[in-house]
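Protein chains in written order, with my numbering: chain A, 1 to 300; chain B, 301 to 614; chain C, 615 to 962.
Heads up, some of the hints might be wrong.
[To be verified] Have a look at the derived ranges for each label pair, beta carbon to beta carbon: (1) Y931(C) with A304(B): 52 to 60 angstroms; (2) K548(B) with E942(C): 49 to 57 angstroms; (3) S313(B) with D200(A): 54 to 62 angstroms; (4) A304(B) with S921(C): 53 to 61 angstroms; (5) K548(B) with E940(C): 54 to 62 angstroms; (6) S183(A) with V758(C): 44 to 52 angstroms; (7) S313(B) with S921(C): 55 to 63 angstroms; (8) V758(C) with W55(A): 23 to 31 angstroms; (9) D594(B) with Y287(A): 41 to 49 angstroms; (10) Y931(C) with D433(B): 24 to 32 angstroms; (11) E942(C) with S183(A): 38 to 46 angstroms; (12) V758(C) with S313(B): 30 to 38 angstroms.
Hints are computed from structural coordinates only; laboratory data are not their basis. A virtual CB, placed ideally from N, CA and C, is assigned to each residue, including glycine.
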Amino acid sequence: MTIQETPASQIKEDRFWLYRRKLGDFWRLFRRSSLGKLGLALVLSFVMLALAAPWIAPFDPFTFVGDPFLKPSSTYIFGTDQVGRDIFSRVIYGTRISLLVGLVASAMTVCLGTLVGLVAGYLGGRIDNLLMRITDLFIIIPALPLMLIMAAILGKGVQNIIIVIAVIGWTATARMVRSQTMSLKERPFTEASRAIGSTDLHTISRHIVPNVFPLVFANGMIAIVDAILSEAGLSFLGFGDPSRPSWGMVLYFANTAGATVNGYWWYIVPPGICIMLLVMGFAFVSYSTDQILNPRLRRR
Amino acid sequence: MQEAVAQAVDNVSFTLKKGETLGLAGESGCGKTTTALSIMKLLPRGGTILNGEIILDGEDLVKKTDREMNAIRWKKIAIVFQGAMNALNPVIRVGDQVAEAIVEKEKVAKSEAWQRARSLFELVGLDSARVVDYPHEFSGGMRQRVMIAMALACNPSIVIADEPVTALDVVVQTRILELLKDLQRKLNLSVILITHDLSVIAETCDRVAIMYAGKIAELGSVTDVYKDSWHPYTDALISAFPSIIGPKRRFDSIPGDPPDLTMPPSGCRFHPRCPWQDETCQMQDPEYRNVGVDHFVACHHSEKLRSRLRGGKV
Amino acid sequence: MPPQRETAFKASGREGLTAELLHVENLSVWFAARTGFSGLFSTKQDWVHAVDDVSFSVRKGEVMCLAGESGSGKTTTARAILGLTKARSGSVKFADKDLLTLSKGDMRKLRHKMQIIFQDPYESIDPRMSVSEILSEPLEVNKVARSRRDREDRVYKALEDVRLLPPHEFARRFPHELSGGQRQRVAIARALVLQPELLLADEPVSMLDASIRVQILNLLLDLREEYDLTFIYITHDLAQARYIGNEIVIMYLGKMMEYGPVEDAVSKPVHPYTKALISNVPVPDPTIKHDKIPVKGETPSALDMPSGCRFHPRCPYAEEICRTKEPEFAKVGRDRFSACHFNDRWIS
């Protein structure tokens with residue numbers, strides 16, 4: 001019997017169509033959720049803002065372009081800060097840093113946590129014990145003081161903030177991935193993989209990782225929210241990078257300039273609202289993605 | 301993600317006589333559990349009874365509202381759900397769980413309900429002192445007895461048992477089936493026993509309905525159905541259960557798989573797998589007809605095939 | 615055990631001497647029992663004796679049934695043989711090696727000779743892989759059939775063997791597009807693709823519909839003939855064991871109760887447990903009435919192991935000695951063994 005088409009290449013094509021169909025299904029379900037669409041719209045708006053900053057921002061965020069503490073007007077939409085810089089432009093450019101840190105830090109958190117979780121969950125025994133005790137250590141130590149100490153040691157700089165956030169945040173992902181890995185390890189198809197003679201690495205990468213992925217993805221969305229808020233908090237406390245101000249940094253400057261005391265609301269409110277909206281956007285997307293990935297959560 | 305309609309039960313008719321055990325047998329997806337849930341009007345969301353009647357004590361249950369059914373459920377008909385023994389609430393004492401049913405349905409005081417729970421335990425062969433224990437302190441067979449006690453709580457006249465012994469070891473299985481037979485005699489119960497296991501049906505039921513793809517293929521006394529089968533599926537299904545006694549020989553299996561009920565085959569639903577199918581079978585749904593004393597079959601060619609099926613064979 | 619035996623089932627067509635493929639000797643598998651908080655502080659370890667002192671051998675081309683009810687240890691025995699569960703003691707001789715002494719790497723090299731079919735067709739194949747990928751995986755992992763062409767050929771051959779035709783159509787499908795019976799065939803094909811000598815089947819049909827069961831049982835018998843395969847078939851259903859098996863080991867709470875040719879064990883059982891089991895199996899014939907030996911109680915948890923003979927609390931013939939002394943696994947006939955103090959009473 002002649003083989004008309006090689007199954008391998010046909011499989012690749014079929015696989016492509018399967019994923020495309022799955023993506024299509026996912027999108028169709030996602031479209032149904034108004035919350036999800038709102039969230040996505042918010043996130044995408046901010047991403048556009050970040051990318052188009054040089055064209056949207058009316059002024060350079062670092063040069064002083066007017067008198068200090070001017071109230072909002074048609075020229076300076078959010079007014080000016082203590083040295084006469086346009087707050088509107090600073091907020092727009094701040095989108096870049098907040099988003100960057102949020103996305104990169106959460107990616108690192110999730111990767112680190114997943115790695116630890118996979119190794120601990122699959123290998124078990126002493127390695128699991130060791131890794132879990134280390135995880136427990138990081139959980140027990142209060143996050144904020146630890147963050148501050150690390151930030152103080154590492155010094156200012158966006159990359160340091162990213163590192164700090166990742167180092168604090170990985171524990172939640174690790175525990176979750178570990179417990180999922182442990183349960184997947186018992187499932188027959190994982191055992192089958194061992195029975196056919198796979199190495200542990202093969203079993204983990206081929207069978208466990210793809211099945212852990214939906215959970216990690218959902219967790220990742222939450223991690224982004226956490227990262228954005230952590231960055232805002234750290235920056236507000238003064239550990240941010242003044243040369244690359246994020247929204248949190250803007251708030252820091254606002255605080256040190258006495259904006260709260262003097263009632264310069266136009267300085268405080270815009271960055272605060274931006275943080276809130278971006279976080280909400282990701283949270284809404286996460287909520288609807290959860291509903292899709294975990295069919296049991298779907299309402300009929 | 302499209303929605304489709306599965307014709308789970310199609311044109312099913314049977315009567316249950318007082319004091320008898322009727323078996324509903326068939327493989328997964330044949331509609332036996334759906335039939336039972338329809339009788340209790342406990343279909344899940346998305347399930348509707350399109351037409352037909354269910355007559356109990358001269359009244360049609362199909363026409364009754366949920367409220368009216370509440371007066372009937374448990375009091376006239378009770379059901380032991382499939383796998384219910386594993387669904388007992390682990391943090392509530394079993395006595396409470398049985399008493400709860402009684403209090404709900406008959407509005408008696410809790411103390412009286414507990415008293416009745418105790419006597420129900422005795423009835424099903426459990427030590428009445430154990431009403432205060434928790435589910436995990438009971439073995440599988442004992443938990444099933446608790447479920448039977450719960451079903452009998454309000455003295456129903458009909459009990460539906462869905463796969464009552466499937467998950468149990470074979471020696472425990474015997475005891476539970478004996479218990480059911482015993483209770484049936486003592487309380488003059490009528491029982492509908494649902495199972496895929498034809499050996500269990502052979503040993504416990506008086507009459508049996510063999511279901512396939514939502515329809516009844518054959519209905520009659522167990523002796524008639526097992527020893528004088530008129531439907532090819534009956535024959536094939538009985539053969540699918542190798543026996544522990546009798547001559548050892550190789551069985552021929554039925555090819556193919558049970559059909560998708562959202563797109564059932566045309567004509568006779570069994571025809572794609574039937575070794576004797578012809579054009580009539582492909583186009584026409586066979587009539588469900590009477591072929592003997594209380595013996596019904598739905599097949600175009602029963603008369604011809606009868607001799608080649610179980611009656612004719614040794 | 616005597617070194618020469620005849621295979622009984624006609625299908626193999628061979629009689630006379632057959633070589634031993636697998637020899638299990640005094641296999642024990644114990645699990646550490648954790649008892650909550652007290653476990654943290656106590657130094658004494660509690661063990662669950664899942665399998666104790668199991669010995670049997672399997673001849674080439676034979677179907678050996680490991681039969682027993684829940685908690686009997688049959689599945690644990692099989693998994694210990696394959697190295698999926700760690701054994702505490704004993705030996706498993708296969709291909710001139712003791713599998714229990716091999717390192718992880720050496721064991722992996724032997725795995726292609728012994729494969730397993732699991733009980734659950736819905737769980738034992740990865741839902742994210744296509745049938746072709748599922749069947750190629752063993753080949754890739756064992757670095758067999760290096761060229762793509764070679765692999766394809768073997769995948770197709772395996773699909774043909776399990777009657778999933780046309781093979782190129784099934785190769786493209788994903789598990790959710792297959793029925794239960796078809797998935798189990800894929801699982802069998804996966805076990806076959808490495809051309810193993812020994813196949814372990816762990817209740818392969820208990821989750822399938824009745825009409826599919828016989829299909830799969832017949833398929834396994836056909837494959838055995840075609841490829842001269844040897845099976846260890848695990849089941850709780852004695853009727854199935856009778857249909858497919860040559861030899862049978864009846865287990866209870868981790869110990870062997872009876873051993874012998876299937877037909878003998880079923881028609882003239884020796885051990886009281888076997889007798890009780892056989893008599894309680896329902897028969898699909900309403901005109902046959904048979905007395906069932908009543909057995910009280912249910913299988914106890916392995917944490918509360920009865921003393922002496924493990925079956926004694928439930929045995930209708932138990933006497934004082936059964937409570938205090940464990941019976942020996944003694945010869946009761948040609949190739950037949952039973953572990954009961956009163957074997958002589960039961961031998962007809």
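Q: For S183(A) and V758(C), compare the CB-CB distance with the range 44 to 52 angstroms and indicate the outcome.
A: The hinted range 44 to 52 angstroms is violated for S183(A) and V758(C), with Cβ atoms some 31 angstroms apart.
Q: Check the following: the C-beta atoms of V758(C) and S313(B) are separated by a distance inside 30 to 38 angstroms.
A: Distance hint for V758(C), S313(B) is violated at roughly 58 angstroms.
(Q) Within 54 to 62 angstroms: is that where the Cβ-Cβ distance between K548(B) and E940(C) falls? (A) 34 angstroms, violated
Q. Is 52 to 60 angstroms right for how far apart the beta carbons of Y931(C) and A304(B) are?
A. Holds, at about 58 angstroms.
Q. How does the Cβ-Cβ distance of E942(C) and S183(A) compare with 38 to 46 angstroms: does it lie in that range?
A. 42 angstroms, holds
Q: Take a look at whether the Cβ-Cβ distance between S313(B) and S921(C) falls inside 55 to 63 angstroms.
A: 57 angstroms, holds
Q) Should the hint that Y931(C) and D433(B) are 24 to 32 angstroms apart at their CB atoms be regarded as holding? A) 31 angstroms, holds
Q | D594(B) versus Y287(A) beta-carbon gap, inside 41 to 49 angstroms or not | A | 59 angstroms, violated
Q) Range hint 23 to 31 angstroms: satisfied by the CB atoms of V758(C) and W55(A)? A) Because 59 angstroms falls outside the window, the suggested range is violated.
Q: Note whether the CB distance of K548(B) and E942(C) lies within 49 to 57 angstroms or breaks it.
A: Violated - the Cβ-Cβ distance for K548(B) and E942(C), about 31 angstroms, lies outside 49 to 57 angstroms.
Q: Starting from the range 54 to 62 angstroms, see whether the pair S313(B) and D200(A) falls in it by beta-carbon distance.
A: 59 angstroms, holds
Q. Regarding A304(B) and S921(C), is the given constraint of 53 to 61 angstroms on their beta-carbon distance met?
A. 59 angstroms, holds
In this structure, the earlier hints numbered 2, 5, 6, 8, 9, 12 are contradicted, and the remaining ones agree with it.
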